[in-house]
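Chemist: Just so we're aligned: 261 in this note's numbering is position 195 of the sequence shown, and the numbers increase by one with no gaps anywhere.
Simulated from the structure, these hints should not be mistaken for lab results. Accuracy of the hints is not assured; some may be wrong.
Stated by the list, open to error - Calculated pairs, BS3-like style, for lysine-lysine (alpha carbon to alpha carbon, straight line, at most 30 Å):
1. K456 - K510
2. K510 - K343
3. K202 - K293
4. K237 - K343
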Amino acid sequence: MTIGVKASPLFNPALQRSERSVVGKRITRFSIWAISATAAFTFFVLYFSQPNTSDVVAVVVAPQKKLLQPPPHRDDHQYPPPIPNIPPPPPKEEEEKEEEEVECEVWKGAWVWDRRGPSYTNSSCLTIPDSKNCGKHGREDTEFLHWRWKPEGCDLPRFDASAFLEVVRGKKMAFVGDSVARNQMESLLCLLSQAESPTDIYKDEEDRFRTWYFPSHDFTLLVLWTKFLVVGVERVVNGSNTGVFDVHLDQIDTQWTQDLHLYDYVVVSDGHWFFRKLYLHQKNTLVGCVFCSEPNVTEVGLSFAFTHVFRAALKYILECDECGRLVTLVRTFSPAHFEAGTWNDGGRCNRTRPYRGREVRSGGTEWDISRAQVAEVVRAREEGRGKGRKFGVLDVTKAMMMRPDGHPNSHWNNQGMEGYNDCVHWCLPGPIDAWNDLLLAMVKKEKSLN
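Construct all of the structure, not just a fragment, from the sequences and the given hints.
Modeler: Structural data, given as structure tokens:
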């Protein structure tokens with residue numbers, strides 16, 4: 067049985083086809099009208115509108131920061147074009163950092179571990195003397211080579227031989243002083259030889275005055291020997307030297323000053339010859355002594371002697387009329403580290419790592435000597451300011467007080483002096499190389515010295 071269902075008008079198929087026909091015709095007419103209106107409007111805009119070029123550029127130009135660092139190549143137009151070959155100014159923080167480096171007191175700091183080690187070895191430097199070639203003479207520990215000096219509040223860059231040679235191109239630098247002054251020159255010679263091989267052009271009969279030349283940079287490096295900077299005459303008794311000296315505090319040793327006007331830099335130091343019996347004279351009159359313990363002579367102490375010797379040396383430089391271009395640096399006292407005796411009664415220095423800060427005594431003879439030297443540099447700087455003279459300090463005393471591990475001890479060519487340990491000089495390579503890190507920093511900042 068089939069059940070029939072009455073159709074509703076809403077679902078009448080014929081009626082639905084009629085309505086769709088009417089709606090389709092209306093949509094078609096509306097679409098034609100909309101397309102015609104849009105085309106007319108677009109034509110009107112394109113034909114009559116005159117866009118402002120600057121307005122367009124203002125939309126497409128990148129912010130100023132991107133204009134200063136444009137991509138290597140762009141096909142589209144940029145306006146304004148970036149200025150070629152002029153980099154943006156350094157960020158403010160970089161300027162402040164450089165200022166901090168200038169003001170940093172590099173003598174305040176600590177030795178920090180440096181796994182890279184030294185810039186040269188006793189194989190790569192051919193000028194190391196046997197007396198400083200500790201590795202050659204049996205020193206097997208190498209930890210002492212892996213510490214670098216880190217000042218508080220700033221960084222001291224590793225020595226850059228090429229940069230140093232560029233700064234001193236066409237100039238002459240002399241190290242003035244005793245065998246420790248020579249020790250620093252030998253360190254510098256090794257550091258520089260990694261960039262250019264020097265030529266040995268002069269040596270006196272006693273091998274105390276040496277001159278090396280770097281032809282590619284026209285740089286001359288000298289060491290000028292002097293025990294006291296001033297005149298010191300050893301007393302002789304019955305034809306034998308006594309080790310006792312008469313030191314004339316107001317008479318300069320002319321062996322180091324005779325060619326002073328030819329130099330651009332002098333690094334002045336002295337110290338270890340003062341640790342013996344000395345009779346001190348001014349204007350040929352005895353004014354005191356050091357280590358003499360005599361009832362009729364005033365014991366004046368080492369600080370007195372150092373003060374007057376360095377005052378005389380710096381005064382001579384100040385009064386040298388032909389030394390206007392000379393830069394004078396005073397390297398402060400470098401301490402010895404004898405333990406269980408002195409140099410001639412079994413003293414030794416066989417430690418293998420630096421002291422920590424709290425292990426170093428805060429007072430004593432070494433500090434007194436260093437303060438006396440610094441005070442005389444300050445005095446000379448003030449007196450020479452109006453003359454454009456330049457004086458500075460290579461203050462190494464604190465740093466080297468912390469390095470009992472850096473001396474040759476028994477590892478040196480001690481033929482003829484068997485049984486004597488060297489706790490005064492420094493192994494090469496070794497902590498003395500840091501002195502030349504300081505030297506390069508000071509030479510770069512030469513203008514600030516006056």
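Chemist: Run every hint past the structure and note whether it holds.
Modeler: Results of checking the hints against the structure:
no.	hint	result
1	K456 - K510	holds (13 Å)
2	K510 - K343	violated (40 Å)
3	K202 - K293	holds (29 Å)
4	K237 - K343	violated (39 Å)
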